Amino acid sequence: MEWQYIYGVISFVLEPTSLFVMAISVFFGLVVGMLPGLTATMAVALLTGLTYRLAPEMAILSLVAVYIGAISGGCQSAILINIPGTPASAATAVDGFPIAQRGEGGLGIFLATTASFFGTLAGTLCVLLLTPPLALLALKFGASEFFLLALFGVMICGQLTAGTDPLKGWISGIIGLIVAQIGLDGMNAYPRFSFGMVDLMAGVPLIPVMIGLFGFPEIVYGLVTSTARAQIKSSALEFKRGFGILMKNKLNMVRSSIIGVIIGIIPGVGEDVAGWLSYWAEKNSSKTPEKFGKGAYEGVVAAETGNNACIGGAIIPVLSLAVPGSAPAAVLLAALWLHGLRPGPLLMSETPGFVYTMSIYMTISAFTMIILGLLLSKVTVRILAVKSTILMPVVYVLCTVGAFVIDNSIFDIYLVFVFGLIGLLLREMSYPAAPFLLGIILGPMATIICAGRLFCQMVILPRSSPARSV
Amino acid sequence: MEKNVHFDFITSLFLIILSLIMIVDSYQMAVDVGGPLYASPGMMTMVLAVLLLICGFLLLRRSIRLNGVGQNVKDFKEWIHTFRKAKSSQEMLLGGAILALYTFILAPRLPFWISTSIFMVFIMGILNATSIIKNVLITAVVVGSIYGVFQMIFHVPLP
Chain A
1 MEWQYIYGVI SFVLEPTSLF VMAISVFFGL VVGMLPGLTA TMAVALLTGL TYRLAPEMAI
61 LSLVAVYIGA ISGGCQSAIL INIPGTPASA ATAVDGFPIA QRGEGGLGIF LATTASFFGT
121 LAGTLCVLLL TPPLALLALK FGASEFFLLA LFGVMICGQL TAGTDPLKGW ISGIIGLIVA
181 QIGLDGMNAY PRFSFGMVDL MAGVPLIPVM IGLFGFPEIV YGLVTSTARA QIKSSALEFK
241 RGFGILMKNK LNMVRSSIIG VIIGIIPGVG EDVAGWLSYW AEKNSSKTPE KFGKGAYEGV
301 VAAETGNNAC IGGAIIPVLS LAVPGSAPAA VLLAALWLHG LRPGPLLMSE TPGFVYTMSI
361 YMTISAFTMI ILGLLLSKVT VRILAVKSTI LMPVVYVLCT VGAFVIDNSI FDIYLVFVFG
421 LIGLLLREMS YPAAPFLLGI ILGPMATIIC AGRLFCQMVI LPRSSPARSV
Chain B
1001 MEKNVHFDFI TSLFLIILSL IMIVDSYQMA VDVGGPLYAS PGMMTMVLAV LLLICGFLLL
1061 RRSIRLNGVG QNVKDFKEWI HTFRKAKSSQ EMLLGGAILA LYTFILAPRL PFWISTSIFM
1121 VFIMGILNAT SIIKNVLITA VVVGSIYGVF QMIFHVPLP
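Chains as they are written, first to last, in my numbering: chain A, 1 to 470; chain B, 1001 to 1159.
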């Protein structure tokens, strides 16, 4: 039965249309990933809107592909111009750029892309192995556990994404939870904070909010800093030498993969932390730590393996608990809901094959990523030379189109702008946006019923029922 | 962290006022619907508002402890003065205003290809992104591509 299902999914992925959509999505992800300022979260958010009308299988394939492409693409700009395309590649730049300065840019890109490929596959393996037991455990959760899980997710995300100031992360997450309460209440159909606006009575739609939160600030900053970047030169890829270096880094890649997956499972931490921790672990265990920061191949391999393994790690709680492990995974979770899937504890009983589907999508996307990443590296880096004053208006138009096509509602475009301003304010005042988004996603989980039951179980029942207290 | 203390001070005041309004509103919801408080539509919002209030007070206490009330107000006034004169903030406001123009005026009123063409030519022109001919060409390619892919291939309605 399972083999039949796997065969069906592989057949679907290998259809020409699917391969074409996946190749385009990986390419889009690579381009967005390498453009400084445009993050993987934004890439997935933008494509969620744009793929809304596609069949769910095709849309999810496309989103997984763009997620993998964007996290991997960041390494190219990090290595060639010392500007990480995404925060996930920040650790790659430390040793990647000195490698490029030595005239080995091509080798650096080969090592980073191949390590990304390995990391993605390791993460995929963990999705297969860890999702079912975690989902079975989650089946034992009741309403109050889910309420606490939602609160925990938001708080831990706030704690970990706000750097030295967790209070700001918590505030951001709580405001997100509050925004999720806007609209008709599920029990009494009471319009909460909708100010008489019919559009708000259905609640605040997720996609325009996340496009606004993550896309708008990048666009506004891009319009202000209108500098063109220098043309990039990349040397030959040096496959043979690269494979030799990777063979010497087997242990490094395995360790970085484990770190990446563990970091991915923790809600809200994300690929950037995974990259840094893997880099740090490799540096600490190295016999020549003094080489790090001066173009050590091991540093690039560790950072890229770690951040890509984090993708699989972040998807594990998405599928099993409906709690995202990173900001792009949060957007992916929203996209799964949007396409009618219900990730969470019931996933293994309602759609047991979905874990295989996701794993196959990730595996084939990883293969597409390594092929496109290596073949097109010389072409794609030229996009870095496009001025942001040209690029950003195009991105904003795509943002508005992405928000509009979901409900064909102009109101959603207004929301992009409004939540974009909120995102801009959050960033100016050093508040992380990821807990805000996570609050909106997990808000419905922490509904009034959960709160009410929690209240009953924790406050009323212990006082009134001696049996319970026993 | 200390760089934004005056922001924290203002933000904390805003959060405290917002959470107090929310608590009152949440209580009003419970009164409107009737029944026990924990089953009212305002229960969850009240819990969250109380959490926000606590966070607001913590932020206020920290900002006052670090800078004092008077210094925070003075720093904030200075920031407003600097913000108004800085070129980057003026560019940011201009960029934001053009995006607002497209979002609230052009996109809802005109067909997609007209509104987007006007927006792109206008914003790239104002920001001196490129020459006028290239500007028009880029706009035509972008609008044509989006229109072709969404409207003609996927049959997706555009704004």
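The reader is advised that the hints may include incorrect statements.
Restricting the straight-line Cα-Cα distance to at most 27 angstroms, the calculated cross-link-like pairs of lysine-lysine (DSS-like) are [unchecked claim]: (1) A:387 <-> B:1077; (2) A:240 <-> A:140; (3) A:240 <-> A:250; (4) B:1134 <-> A:378; (5) A:387 <-> B:1134; (6) A:294 <-> A:248; (7) A:387 <-> B:1074.
The set of hints was computed from the structure by calculation and includes no laboratory data.
No experiment lies behind these values; they were computed from the predicted model shown.
Structure-based check of each hint:
This hinted pair does not check out: residue 387 of chain A and residue 1077 of chain B have alpha carbons roughly 35 angstroms apart, beyond 27 angstroms. Taking the CA atoms of residue 240 of chain A and residue 140 of chain A, the gap is near 51 angstroms; set against the 27 angstroms cutoff, the hint is violated. Among the hinted pairs, residue 240 of chain A with residue 250 of chain A is consistent with the structure: their alpha-carbon atoms are about 16 angstroms apart, no more than 27 angstroms. For the given pair, residue 1134 of chain B sits about 24 angstroms from residue 378 of chain A by alpha-carbon distance, which is consistent with the 27 angstroms threshold.
The suggested pairing of residue 387 of chain A with residue 1134 of chain B holds, with an alpha-carbon distance near 13 angstroms, which does not exceed 27 angstroms. As the CA atoms of residue 294 of chain A and residue 248 of chain A are separated by approximately 19 angstroms, the hinted pair is consistent with the 27 angstroms bound. Distance check on the hinted pair: residue 387 of chain A and residue 1074 of chain B sit about 38 angstroms apart at the alpha-carbon level, beyond 27 angstroms; violated.
Hint violations for this structure: numbers 1, 2, 7, all remaining hints satisfied.
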